[in-house]
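Visitor: Single-letter residue listing:
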Amino acid sequence: MTGLASPKLREAAPATGRTPATAPGVSQGPPRPRRTALLPTTALVLGALYCLLPVAWVLVAATKADDELFSTFTFLPGTGLTDNIGELTGYRDGIYWRWMANSVLYAGLGGALSTVVSAFAGYALAVYRFRGREAFFNIMLAGVLMPPVILAVPQYLLMAEADLTDTYASVLLPLVLSPYGVYLGRIYAEAAVPMELVEAGRMDGAGEWRIFLRIAVPMMAPGLVTIFLFQFVAIWNNFLLPFIMLGDDEKFPMTVGLFTLLKQGASQPALYTLVITGALLAIVPLIALFLLIQRFWSLDLLSGAVKS
Amino acid sequence: MTQPPKGVRRSYGVEAAPYAPPSSSTTLKRARSAPYFFILPAAVLFALFFALPIGYAVWLSFHKVRIKGLGLGKGAKTEVWAGLENYTSALADSELLASALRVLGYGAIVVPVMLGLALFFALLLDSERVRGRSFARLAIFLPYAVPGVIAAVLWGFLYLPDVSPFHYLLDKAGLPQPDLMDGGPLYLAMSNIAVWGGTGFNMIVIYTALRALPTEVYEAAKLDGCSELQIALRVKIPMVVPSLVLTFFFSIIATLQVFNEPMTLKPLTNGIPSTWSPLMKVYSDAFTGGNIHAASATAVVLALATFALSFTLLRISNRRTTQGAGR
Numbered sequence: 001m002t003g004l005a006s007p008k009l010r011e012a013a014p015a016t017g018r019t020p021a022t023a024p025g026v027s028q029g030p031p032r033p034r035r036t037a038l039l040p041t042t043a044l045v046l047g048a049l050y051c052l053l054p055v056a057w058v059l060v061a062a063t064k065a066d067d068e069l070f071s072t073f074t075f076l077p078g079t080g081l082t083d084n085i086g087e088l089t090g091y092r093d094g095i096y097w098r099w100m101a102n103s104v105l106y107a108g109l110g111g112a113l114s115t116v117v118s119a120f121a122g123y124a125l126a127v128y129r130f131r132g133r134e135a136f137f138n139i140m141l142a143g144v145l146m147p148p149v150i151l152a153v154p155q156y157l158l159m160a161e162a163d164l165t166d167t168y169a170s171v172l173l174p175l176v177l178s179p180y181g182v183y184l185g186r187i188y189a190e191a192a193v194p195m196e197l198v199e200a201g202r203m204d205g206a207g208e209w210r211i212f213l214r215i216a217v218p219m220m221a222p223g224l225v226t227i228f229l230f231q232f233v234a235i236w237n238n239f240l241l242p243f244i245m246l247g248d249d250e251k252f253p254m255t256v257g258l259f260t261l262l263k264q265g266a267s268q269p270a271l272y273t274l275v276i277t278g279a280l281l282a283i284v285p286l287i288a289l290f291l292l293i294q295r296f297w298s299l300d301l302l303s304g305a306v307k308s
Numbered sequence: 309m310t311q312p313p314k315g316v317r318r319s320y321g322v323e324a325a326p327y328a329p330p331s332s333s334t335t336l337k338r339a340r341s342a343p344y345f346f347i348l349p350a351a352v353l354f355a356l357f358f359a360l361p362i363g364y365a366v367w368l369s370f371h372k373v374r375i376k377g378l379g380l381g382k383g384a385k386t387e388v389w390a391g392l393e394n395y396t397s398a399l400a401d402s403e404l405l406a407s408a409l410r411v412l413g414y415g416a417i418v419v420p421v422m423l424g425l426a427l428f429f430a431l432l433l434d435s436e437r438v439r440g441r442s443f444a445r446l447a448i449f450l451p452y453a454v455p456g457v458i459a460a461v462l463w464g465f466l467y468l469p470d471v472s473p474f475h476y477l478l479d480k481a482g483l484p485q486p487d488l489m490d491g492g493p494l495y496l497a498m499s500n501i502a503v504w505g506g507t508g509f510n511m512i513v514i515y516t517a518l519r520a521l522p523t524e525v526y527e528a529a530k531l532d533g534c535s536e537l538q539i540a541l542r543v544k545i546p547m548v549v550p551s552l553v554l555t556f557f558f559s560i561i562a563t564l565q566v567f568n569e570p571m572t573l574k575p576l577t578n579g580i581p582s583t584w585s586p587l588m589k590v591y592s593d594a595f596t597g598g599n600i601h602a603a604s605a606t607a608v609v610l611a612l613a614t615f616a617l618s619f620t621l622l623r624i625s626n627r628r629t630t631q632g633a634g635r
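If you read the protein sequences in the order shown, they are chains A and B.
Read in order, the letters of the first sequence correspond to residues 1 to 308 in the working numbering.
Read in order, the letters of the second sequence correspond to residues 309 to 635 in the working numbering.
For the record, the hints were derived by calculation from the structure and aren't laboratory data.
We put the beta carbon where it would ideally sit given N, CA and C, even for glycine.
Check each hint, because a few of them may be wrong.
Derived Cβ-Cβ restraints for the label pairs, each shown as a range [as the list claims (entries may be wrong)]:
1. A:Ser71 with B:Glu527: 51 to 61 Å
2. B:Leu356 with A:Gly205: 43 to 53 Å
3. B:Pro581 with A:Leu105: 46 to 56 Å
4. A:Leu53 with B:Leu409: 43 to 53 Å
5. A:Arg295 with B:Arg542: 30 to 40 Å
6. B:Ala400 with A:Arg295: 18 to 28 Å
7. A:Arg295 with B:Leu409: 38 to 48 Å
8. A:Leu105 with B:Leu356: 35 to 45 Å
9. A:Asp67 with B:Asn626: 50 to 60 Å
10. A:Leu53 with B:Leu541: 39 to 49 Å
11. B:Arg542 with A:Gly207: 52 to 62 Å
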C-alpha cells in the first residue's frame, strides 16, 4: 500500500520546482492595468468572514454575563468579561490555568522532541544511502496514513501494562514520533542541505554529528520551525489520546478540561459562560502566534513547499 | 509494490555519489553507521507506539476472555483464541453499521464541500485581480489553530436556538426554525464544523502547488487568448491533481475517524447517540462496555475499511484523470 501512496506524496510535495519567475509582476511582460475582479473578490471575502464568524461570536459571547447569554442578541456585547475571567480563574482554585499550562507543556515539549526526531530521521533519509532506507521511508509513509483509531485503544492497554496511564508521559510519548514530521524533515533537508557542503565538511575532517549540527541544522532551520509548529498545533488540538489516557483532571490539557466543563454544563447552565470564556482564552494564544510569525514565516512551508 | 522514493528534488546530483571517497577506513565506517544513529529514535518510537499497538490490537481482536467458575480470584479469567468470532459479531452489530452509515453520509458532504471550497479559494488566492488576498488567506487558515473540541463548542452554541443568529434571522423572517442538532440538519451542522476547520489547511496545500507551477504555462495560454477562468479550469486544475489526490486521501481518513466534534456536541443535544460515529462506538465498547477484544476487532475492521475505501476512490480518480489526460 505504501508503494501506491509514496509516488503520490512525492508528486504532491510541490513547490520544490518553483521557478523564481513566479514573483508577481516579474514575468507578466509589459505592465497593463489590472482591474479588480469584483465577483471573485466578494467570494473570497465571504469565505474569510465565514471563517471569522465563530471567532467573532466567542469574542462577543465571552463578554456576556450569565443572564445575558441566552437573552440578549447574539452579537450584542455584554458587560461581564472581567467578571467571567475572574470567575473562570477562581473556578476550582484556578484549574483552568492548570489545563492551559498542561497544554503548553504537552504541545511545547512534545513539539520540540518531535522536531528533533524528525530532523534526525529526515536528515538521514536525505543525505545518506543506506541499507533499509527505502523500507524505513515506506514504513513512515504507512504511518502517516494509519488511522489513530487502531492505535488509541491498544496504546492505552499497553500503557496500562507499563503502569503509565494517567501520567504526563502517557500523553507525551505516543505523540513524539510524527511520520508527517519525518516526511517534512526529509523534504527540507533535501532542499536546504547541499551535498557539496556535507562533503566539504568531511574533507575538513568533521565528524558526521558535527556536520549535522553545524552545517545541516542551521540550513534546515525554517523547515524545523515548521515541523515544530505543525506538531505543536497537532498536540495542542489533540483530544482523543489524553481523553483516553488521563483520569486525574489536574493533568488534563485544555481540550479535555473544557470538554468536561461543557459536559457538567448540561446540568449546571451557569458553567456555560465559563466554557465560552475558556474557549476564547484557549484560542487566543495560537491565533496570536500565527499572526505574529506570519511576518517571517510562510504558511506554505506546512505543505512541504521549499523556496529555491 | 515498493517504488523507490527518490528525493523530491535531486538538485545537487547526489544520486550517484552518496558521499565523497572517504579519506580513511574509519571515516567510511562512521559514515556507514551514522544514518542508523540518526534514524534510531524514530525507529524505536515507531516500534513502541505504532507497530506494537497495531500488533497488539490485531492479537486482541482474535482473542476473548473465558471465565472459569464464578470468575473470582486470580486466574479465573483467561484469554483464549476466539478465531473470527469478534469479527463476525462486529460486522453483525447493527450499531456499528448505523454509525458507519451516518459517517459515510457525513463524509459525502464534508469531503466534496471542503475540498471544493479549498480548491476554489486557492484559485482565487492565485489570481492577481483579486483583492484582499493576504487577509483572506490568513482568515481562512485561522480555524486550523482552533482545536476540534473548541470548534465544536463555538458552533454548538451557535446552533442553540436561544443563541443562534440563524434562528434569529429565521424568526425575523417568520420562517420555521429547525432543530440544528437532530435528524437531517444534524448532518449539515456536523459537516459545517469539519468544513470550517479543514478548508484552510487544504487550501494552503493546493495554493502551494499552484504557486509552484511554472508561469510559462500561463503565458502561453494567455497569448492564446484564454481567460482567467479558462486558465484555471484547463491549465491550473489539471496540474494540481496530485495535491488534490493527497488532500482527498487525508480528508477521507480524517472524516471517517470523526470523534471530537460529535463527542463535544453530545452534551448540548439529545440527538447524538453515544455511538454516533464508528470511533465513538469503539470508545464506548472499550471503555464503557469494557470489552476490549470486541473493540479491537471493530478498530481493525475500521482501519481496513478506511484503507479499502480510500484506495478504491483513489483508483477511480486516477482512472478519470488518466482518461482526461488522454483526450
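Visitor: Between A:Leu105 and B:Leu356, does the beta-carbon spacing fit 35 to 45 Å?
Guide: 21 Å, violated
Visitor: For B:Leu356 and A:Gly205, compare the CB-CB distance with the range 43 to 53 Å and indicate the outcome.
Guide: About 37 Å separates the Cβ atoms of B:Leu356 and A:Gly205, which means 43 to 53 Å is violated.
Visitor: Given a hint of 51 to 61 Å, does the C-beta separation of A:Ser71 and B:Glu527 actually sit inside it?
Guide: Given about 60 Å between the Cβ atoms, the range holds.
Visitor: Falls inside 46 to 56 Å, the C-beta gap from B:Pro581 to A:Leu105?
Guide: With a Cβ separation near 35 Å, B:Pro581 and A:Leu105 fall outside 46 to 56 Å, so the hint is violated.
Visitor: Is the gap between the beta carbons of A:Arg295 and B:Leu409 within 38 to 48 Å?
Guide: The hinted range 38 to 48 Å holds for A:Arg295 and B:Leu409, with Cβ atoms some 47 Å apart.
Visitor: Looking only at beta-carbon atoms, does the pair B:Ala400, A:Arg295 fall within the given range of 18 to 28 Å?
Guide: Violated: the Cβ-Cβ distance is about 57 Å, outside 18 to 28 Å.
Visitor: Given the hint of 39 to 49 Å, check if A:Leu53 and B:Leu541 actually sit that far apart at their C-beta atoms.
Guide: 30 Å, violated
Visitor: Does 43 to 53 Å hold as the CB distance between A:Leu53 and B:Leu409, or does it fail?
Guide: 30 Å, violated
Visitor: In this structure, is the beta-carbon distance linking B:Arg542 and A:Gly207 contained in 52 to 62 Å?
Guide: Given a distance of about 54 Å, which is inside 52 to 62 Å, the answer is holds.
Visitor: Could you tell me whether the CB distance from A:Asp67 to B:Asn626 stays inside 50 to 60 Å?
Guide: 58 Å, holds
Visitor: I want to verify a distance hint. Is the separation of the beta carbons of A:Arg295 and B:Arg542 within 30 to 40 Å?
Guide: This hint holds: roughly 36 Å between Cβ atoms.
In terms of the numbered hints stated before, the structure departs from hints 2, 3, 4, 6, 8, 10, listed from lowest to highest.
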